[in-house]
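With chain V fixed as given, assemble chain P onto it according to the hints.
From first to last, the protein sequence lines stand for chains V and P.
Per the numbering used here, the very first residue in the first sequence carries number 1; after that it's consecutive.
Per the numbering used here, the very first residue in the second sequence carries number 1001; after that it's consecutive.
What the hints contain is simulated information worked out from the structure, not anything from laboratory work.
Backbone N, C-alpha and C define an ideal beta-carbon position, used for all residues, glycine too.
Some clues are possibly wrong.
Said to hold, decoys possible - If you only want the chain P side, here are some residues facing chain V, beta carbon under 7 angstroms, derived: (1) T1002; (2) S1006; (3) V1007; (4) A1025; (5) R1027; (6) L1051; (7) A1097; (8) I1099; (9) Y1100; (10) E1135.
There are 2 protein chains.
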Amino acid sequence: MTDPRSVSILREALQRLPGIGPKSAQRMAFHLLERDRDGAQQISEAIRHALLKVNHCERCNNFSETPRCAICDSSRRDASRLCVVETPADLEAIEQAGIYQGLYFVLMGNLSPLDDIGPDQLGIDHLVKLVDNEEIEEMILATNLTMEGQATSDFIVDLMESRGIKVTRLARGLPMGGELEYMDPGTLNQAFSERKSIQG
Amino acid sequence: MTDPRSVSILREALQRLPGIGPKSAQRMAFHLLERDRDGAQQISEAIRHALLKVNHCERCNNFSETPRCAICDSSRRDASRLCVVETPADLEAIEQAGIYQGLYFVLMGNLSPLDDIGPDQLGIDHLVKLVDNEEIEEMILATNLTMEGQATSDFIVDLMESRGIKVTRLARGLPMGGELEYMDPGTLNQAFSERKSIQG
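Next comes chain V alone, as it looks inside the complex:
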């Protein structure tokens, strides 16, 4: 390589970003050093700052700068409902939809033995403790409808069985705007088997 050493090091470092290979890293390094040094500075400092500030909410496990996050701290949320999601992005999507006023638990991933992510890494013991200590009436499992999300959900369902807590999951079927001819067999299957009576 003919790059100066600190450019090589930068290219190497950028490859630690998810989905970024050698070519993208090279393009990014070029962009940062040649076209947007202000942006580069901004990224460097934003990372440094976030690493210092961001931790996990002691209750729901979501990212938080304070011991408890704003949602867990709010008195306006319905503390009898607990929605379990995989990531902060999922929580955000539900908040944006504006249909849920309860609390959350954020797993920060899903069960993935190949990546060494087991129940401990997801803080599932913490989730169980939370259920045992709080007055939760309903747990809503809102993991992704993927293999991993389902495995994670099933694992939690088993743990809740003996606890006499109502456990629900999100409905499955056609998404809004869904056109039947483009739906996969799995979705159509669910939509048929969970069809709802609308008359009589």
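Frame of chain V, contents of chain P only:
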């Protein structure tokens, strides 16, 4: 948004990377904070370090930590040949091929009026001065075979006309491994019009 402030700032900052939109930035921020804090640290420091260290070679305009880069400084290169490329990545590709022993000039982009990149931004005045002051016999234009690359190349050709310097460009035609049925009309066109006699 329910994100802590320093997470939002990080997501915003990551969007300054080329090709990274809000969703990718969110995924990256999650990955850095939840899965790879070491990597995050590494990226932050690599950027900071590179911003401090990396400048341009005063002769060829490539990235360099020293006033002159290693290639310009080398006594083993053929100083009578000057290859003009768009980016350090292009230079690297030529070095990897190992067929060229001359010197380079790196434009760090191509003419792109829409992005406010004109001859000044590409240091073309510096390239002209270099040609006037050094004993260059041949200038090899190795810009990309794109509209912008061609416009840049044409612009330089015009400037060299009065200088009595031999100007060449890279050959055009079928790439190695190229299959005719998958070649675009432009490439086939070039390959036909620049066909070479192999006998008689």
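> Once the shortest beta carbon distance from V1007 of chain P to chain V is found, is it less than 7 angstroms?
Replying inline: 5 angstroms, holds
>> Does the closest beta carbon of chain V sit nearer than 7 angstroms to the beta carbon of Y1100 of chain P?
In response: 12 angstroms, violated
> Do the numbers back the hint for A1097 of chain P, that is, is its least Cβ distance to chain V under 7 angstroms?
Replying inline: Since the shortest Cβ distance to chain V is 13 angstroms, the answer is violated.
>> Under 7 angstroms is the threshold here; is the Cβ of E1135 of chain P close enough to any Cβ of chain V for the hint to stand?
In response: Violated, because the Cβ-Cβ distance from E1135 of chain P to chain V comes to roughly 23 angstroms (cut-off 7 angstroms).
> Per the CB criterion, is T1002 of chain P less than 7 angstroms away from chain V?
Replying inline: 5 angstroms, holds
>> Please check whether S1006 of chain P passes as an interface residue: C-beta within 7 angstroms of a C-beta belonging to chain V.
In response: Constraint on S1006 of chain P satisfied, holds at 4 angstroms.
>> Quick check on A1025 of chain P please, does its C-beta sit within 7 angstroms of some C-beta on chain V?
In response: Violated - the Cβ of A1025 of chain P stays beyond 7 angstroms from chain V, reaching only about 10 angstroms at its closest.
>> Using the nearest Cβ pair, does L1051 of chain P come within less than 7 angstroms of chain V?
In response: 6 angstroms, holds
> Would the stated hint for I1099 of chain P survive a check requiring a Cβ distance to chain V of less than 7 angstroms?
Replying inline: Given a least distance of 15 angstroms, the restraint on I1099 of chain P is violated.
>> Does the closest beta carbon of chain V sit nearer than 7 angstroms to the beta carbon of R1027 of chain P?
In response: 6 angstroms, holds
Hints 4, 7, 8, 9 and 10 from the list above are not met by this structure, while the remaining hints are.
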